[in-house]
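Asker: Kindly generate the complete structure, drawing on both the sequences and the hints.
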Amino acid sequence: MSAVLAPRRRELIRAAAERSLTRRRLTGRIAQGLCAVAAVAAVAPLVTLLYYTISRGAGALSWGFLVNAPTPPTISGGGISTAIVGSAEIVGLALVLAIPTSLLAALFLFERSGRLAAALRFSADVLTGVPSIIIGISAYTLLVLPLRQFGNLAAAFALAVLMLPIMIRADEEAMRTIALDLWEAGIALGARRGRVARSVVLRGALPDLVTGNLLAIARAVGETAPLLFTLATPLAAMTLLIYTDGTQAFPVAQQTAWGTALVLLGFVLLLSVAAKIAAWRISQRAR
Amino acid sequence: MIPDAALGLPGGVDPGSHVRRALAGRRTRAGEPAYMALRWAGAGLFGALVIALLVSIAGGSGQALVHSGIGFLWSATWNPAAGQYGAGILVVGTLLTTAVAMVIVVPIGLGTAAFLSELAPSWLAAPLSTLIGLLAAVPSIVVGLWGLIVLTPIFANQVEPFLASMPVLGWLFRGEAYGPSILLASVVLAVMTLPTMVALSRTALAAVPVADREAALALGATRWQAVRRAVIPAARSGIQAAVTLAVGRAMGESIAVAMVIGNRPAIPASLTAPGATLGSAIVNQFAEASPGIGTSSVIALGFVLLILTVAVNAGGQALLRRGHGTAVSTAGALR
Amino acid sequence: MITLTSVRGWNGGGRRRTALAALGLIGVVAACGTTSTPTATRSASAAASSCASNTVLSATCDVVTPSAVTLSGAGANSIEPFFETVFYQYSQKNPNTTINYSPAGSSVGVTDIQQATVAFGDSEIPMTSAQLAAATGGTILQIPVDLGGVAISYNVPGAPANLKLDGPTLAGIFDGTITNWDSPQIASVSGVSNLPNLAIKPVHRADASGPGYDLDQYLIDTAPAWVSAIGTSTPSRTWPLATVGIGEQLNTGVATYVSQTGGSVGYVEYGYALQNGFVNAALLDAAGAYVAPTEASIALAGAQATSLSPTNFNVVNEAGSGTYPLANFSWTLVYQKQSKTTTGIALGKLLDWVVTTGQQDAAALGYAPLPANVASLAQTTIRELESSAGTPLFTS
Numbered sequence: 003m004s005a006v007l008a009p010r011r012r013e014l015i016r017a018a019a020e021r022s023l024t025r026r027r028l029t030g031r032i033a034q035g036l037c038a039v040a041a042v043a044a045v046a047p048l049v050t051l052l053y054y055t056i057s058r059g060a061g062a063l064s065w066g067f068l069v070n071a072p073t074p075p076t077i078s079g080g081g082i083s084t085a086i087v088g089s090a091e092i093v094g095l096a097l098v099l100a101i102p103t104s105l106l107a108a109l110f111l112f113e114r115s116g117r118l119a120a121a122l123r124f125s126a127d128v129l130t131g132v133p134s135i136i137i138g139i140s141a142y143t144l145l146v147l148p149l150r151q152f153g154n155l156a157a158a159f160a161l162a163v164l165m166l167p168i169m170i171r172a173d174e175e176a177m178r179t180i181a182l183d184l185w186e187a188g189i190a191l192g193a194r195r196g197r198v199a200r201s202v203v204l205r206g207a208l209p210d211l212v213t214g215n216l217l218a219i220a221r222a223v224g225e226t227a228p229l230l231f232t233l234a235t236p237l238a239a240m241t242l243l244i245y246t247d248g249t250q251a252f253p254v255a256q257q258t259a260w261g262t263a264l265v266l267l268g269f270v271l272l273l274s275v276a277a278k279i280a281a282w283r284i285s286q287r288a289r
Numbered sequence: 006m007i008p009d010a011a012l013g014l015p016g017g018v019d020p021g022s023h024v025r026r027a028l029a030g031r032r033t034r035a036g037e038p039a040y041m042a043l044r045w046a047g048a049g050l051f052g053a054l055v056i057a058l059l060v061s062i063a064g065g066s067g068q069a070l071v072h073s074g075i076g077f078l079w080s081a082t083w084n085p086a087a088g089q090y091g092a093g094i095l096v097v098g099t100l101l102t103t104a105v106a107m108v109i110v111v112p113i114g115l116g117t118a119a120f121l122s123e124l125a126p127s128w129l130a131a132p133l134s135t136l137i138g139l140l141a142a143v144p145s146i147v148v149g150l151w152g153l154i155v156l157t158p159i160f161a162n163q164v165e166p167f168l169a170s171m172p173v174l175g176w177l178f179r180g181e182a183y184g185p186s187i188l189l190a191s192v193v194l195a196v197m198t199l200p201t202m203v204a205l206s207r208t209a210l211a212a213v214p215v216a217d218r219e220a221a222l223a224l225g226a227t228r229w230q231a232v233r234r235a236v237i238p239a240a241r242s243g244i245q246a247a248v249t250l251a252v253g254r255a256m257g258e259s260i261a262v263a264m265v266i267g268n269r270p271a272i273p274a275s276l277t278a279p280g281a282t283l284g285s286a287i288v289n290q291f292a293e294a295s296p297g298i299g300t301s302s303v304i305a306l307g308f309v310l311l312i313l314t315v316a317v318n319a320g321g322q323a324l325l326r327r328g329h330g331t332a333v334s335t336a337g338a339l340r
Numbered sequence: 076m077i078t079l080t081s082v083r084g085w086n087g088g089g090r091r092r093t094a095l096a097a098l099g100l101i102g103v104v105a106a107c108g109t110t111s112t113p114t115a116t117r118s119a120s121a122a123a124s125s126c127a128s129n130t131v132l133s134a135t136c137d138v139v140t141p142s143a144v145t146l147s148g149a150g151a152n153s154i155e156p157f158f159e160t161v162f163y164q165y166s167q168k169n170p171n172t173t174i175n176y177s178p179a180g181s182s183v184g185v186t187d188i189q190q191a192t193v194a195f196g197d198s199e200i201p202m203t204s205a206q207l208a209a210a211t212g213g214t215i216l217q218i219p220v221d222l223g224g225v226a227i228s229y230n231v232p233g234a235p236a237n238l239k240l241d242g243p244t245l246a247g248i249f250d251g252t253i254t255n256w257d258s259p260q261i262a263s264v265s266g267v268s269n270l271p272n273l274a275i276k277p278v279h280r281a282d283a284s285g286p287g288y289d290l291d292q293y294l295i296d297t298a299p300a301w302v303s304a305i306g307t308s309t310p311s312r313t314w315p316l317a318t319v320g321i322g323e324q325l326n327t328g329v330a331t332y333v334s335q336t337g338g339s340v341g342y343v344e345y346g347y348a349l350q351n352g353f354v355n356a357a358l359l360d361a362a363g364a365y366v367a368p369t370e371a372s373i374a375l376a377g378a379q380a381t382s383l384s385p386t387n388f389n390v391v392n393e394a395g396s397g398t399y400p401l402a403n404f405s406w407t408l409v410y411q412k413q414s415k416t417t418t419g420i421a422l423g424k425l426l427d428w429v430v431t432t433g434q435q436d437a438a439a440l441g442y443a444p445l446p447a448n449v450a451s452l453a454q455t456t457i458r459e460l461e462s463s464a465g466t467p468l469f470t471s
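Chains as they are written, first to last, in my numbering: chain A, 3 to 289; chain B, 6 to 340; chain C, 76 to 471.
Please keep in mind that the hints were generated in silico from the structure rather than gathered at the bench. This one's a predicted model, so the numbers in the text were calculated from it and none came from an experiment. Take every hint as true, because none was put in to throw you off.
The calculated label-pair distances, taken between Cβ atoms and stated as ranges, are:
no.	chain 1	residue 1	chain 2	residue 2	range
1	B	L174	A	Y53	26 to 34 Å
2	C	T252	A	I32	50 to 58 Å
3	B	P172	A	Y53	29 to 37 Å
4	B	G138	A	P9	54 to 62 Å
5	B	I56	C	A447	55 to 63 Å
All C-beta atoms, glycine included, are put in the ideal place defined by N, C-alpha and C.
Answerer: Below is the structure:
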């Protein structure tokens, strides 16, 4: 049989190919259209939410709002200073516990292999998904009851436990991606492990470490459930304040809640931007 | 080029001698035990915290599990006033809200990710991605409050009656339209988990090598066919990781769900009926349960929730490990 | 612990203001001591010195405490409108005392005081003997601090205010047997025949509550159908029929739902109904009249409690004309033995102020001032506070 097809067959095949192309193009256009619709469907509620938050909360924002202590809704001039300070204290304490522990644990996982490391890594992976309310209950049982006291310490503990698995895995990933070769080189040249860890690994992976930790921190700042079981008053944290004032009948209280939501969002944004700039600066200098 | 200082070597000295000394003598490795100890401390502290978490939850549930036995898991009555504690209804509620939320999130999230990663013009993709990333930072309490104040009346007055009036699917949404319901809770969960799904899926899609796309195009595929047949399958493990994380987050959400689910401890008759989940029951009952069997039962609910989420997470992680061809950083958009 | 809350902890403005206020106070006391007539000087310095001993409870001495103390409390959500105003006023007068109150619910107050994680708890229902026995720190004193009522609020467009409802009708609404506002039973009881054809959407408290307990008690007393529906004749804080209608958290959650949903009806503390401008039902009282919740009708109900005590606390469905059927006292729970004397003194003075001077604001907020006999019961109980050694903290 000849390798060259008869003209008639060629025509048939070309026509079939064109039909197929038209059909496939049409399907493709429809599918792309659906994807665009999906994108709109994804963005729309989120944008509505953001818009609602801004419209209800912007009126509350003022310098006084940030620095004044709270007052009952019937008395004007109140602010959310205790909540801002409280949230900052709790997150700060949590970071003091979480950052060194996560860095050291990540170095442990990075440098060692074996069953213990694998088990820890698996626990960290799985624990990234633990519901925050469970961590709150745990903190209540472990700290509040024995110490007979609610307070920032128990809340900070809960947030630290929340952040640790995420930070450890993010740190280890960053180290493996960026610094593995450098670490091996350093060790091969006979440098002390501690030295290599400090000067090579941490320094080299710093931008990614910062970004990864930042995500964990942003999540912790926005959590409410762990604080429910560990704090003495809703005035001690911004998320709790949003929760409790948001359903009050007084318009002032509701506006305070949404204003606090804006402050919280702004806080997280600032944190992200600052950390990204810091990471960029450090990576520039290291070059 | 690693400078000498980084290696602990003073400048201008024959490196060979130092290496010899490093390998032979213990003095140059002084300080090593300190570092090893620190490393063990970090890992040990983390391990201790994990164990403390598990012990406090398992221990706290002990009394309830002994009292009610394994039947606690599926006993259909949760009526603390009458002394009846059983998690069955709550497990059903948790799984139902999560499932409906995923029905919403997975197609929309994947479609959006495909749009952003493959199909959108670059002037649109970048700002849109940033916007979605920003919205991932919205605290869940704000989403819950918005659901309570804004969505509830809309659902009670417009959405739920409309859905109930649809010809065939209306059967799913029959019944009195209260507003707070399984459906509303699922929608709120969907809004909360969508940014995670989009971000992680997008990373997964973007990580597929360009060569795969080009190969498909070279074989005559249209743009969409390339995406559907070459890119998405290659990103499958990353997408699975995204879904796993979204499911885990949806199952564990407690306060926002309690605000919009109607808190009815019964198997919902339809999607527009009020219901209850493990998370919402814990929020409502924990602080008020009578010490002893009451509190223990609520912690036992937490234990059940923990097991569920751990199982889902472990399964997802296993799937991810299997398909580790694409380099997806789970830490990338963890929420 | 918090769980669900509205917020208030008054610290009188921070440490700097505390220092300034302390200086000011010293200055004022010093000035009073030195100027004016001998009798005025004697009484002023007598007052100052009697307050300085910290063993006297009186209107002037209640706002003078020896040192800076933080008092943490948790408990009833229903008393929150009263507490937040009263605590704020107190801390304005006495910057030494910082008060944190977490209105997470009566049961939270009980649990927290049992575990001694707070200085004081508050509950709409006094503790049972079993709960008292489970307290870890010894004997608990229960002090009545306010008198409030539970409103049945409804959102029915076109319905008149103060719709007349009786026990059996309410029971039918909350157990799901009456499903529409235009039902004949509601028409015959209320006397209103043109209520709209609107589905009834009952909302109850998803968390345990005092108002729920009161309504449960009222329905048990007046509606046999309710008793058979719930299977018991003992009222409970946790709403017994959670499978009918929907459950929302706290008074604020119920209020939000009622305010936004047509056809809804729910129970809230009267103070919250007042804040929201709700329309409330007039309930059938024991004397056969339909009474709407007002400060006067709640006060009349409270006045029937001639021999009030933590074991005889029920003022639901009282006899007497004009009494609102759903009234109750709120009880503050403190340990009799205070391990820290300064805390005990601050606590005693705060509570004494709340049950005397603080009652002036009750009416405006939706509560009724304590009847005289209840106020004196409260003051007597406060004076039972002891130091850790067992000596009474206050002599008068």
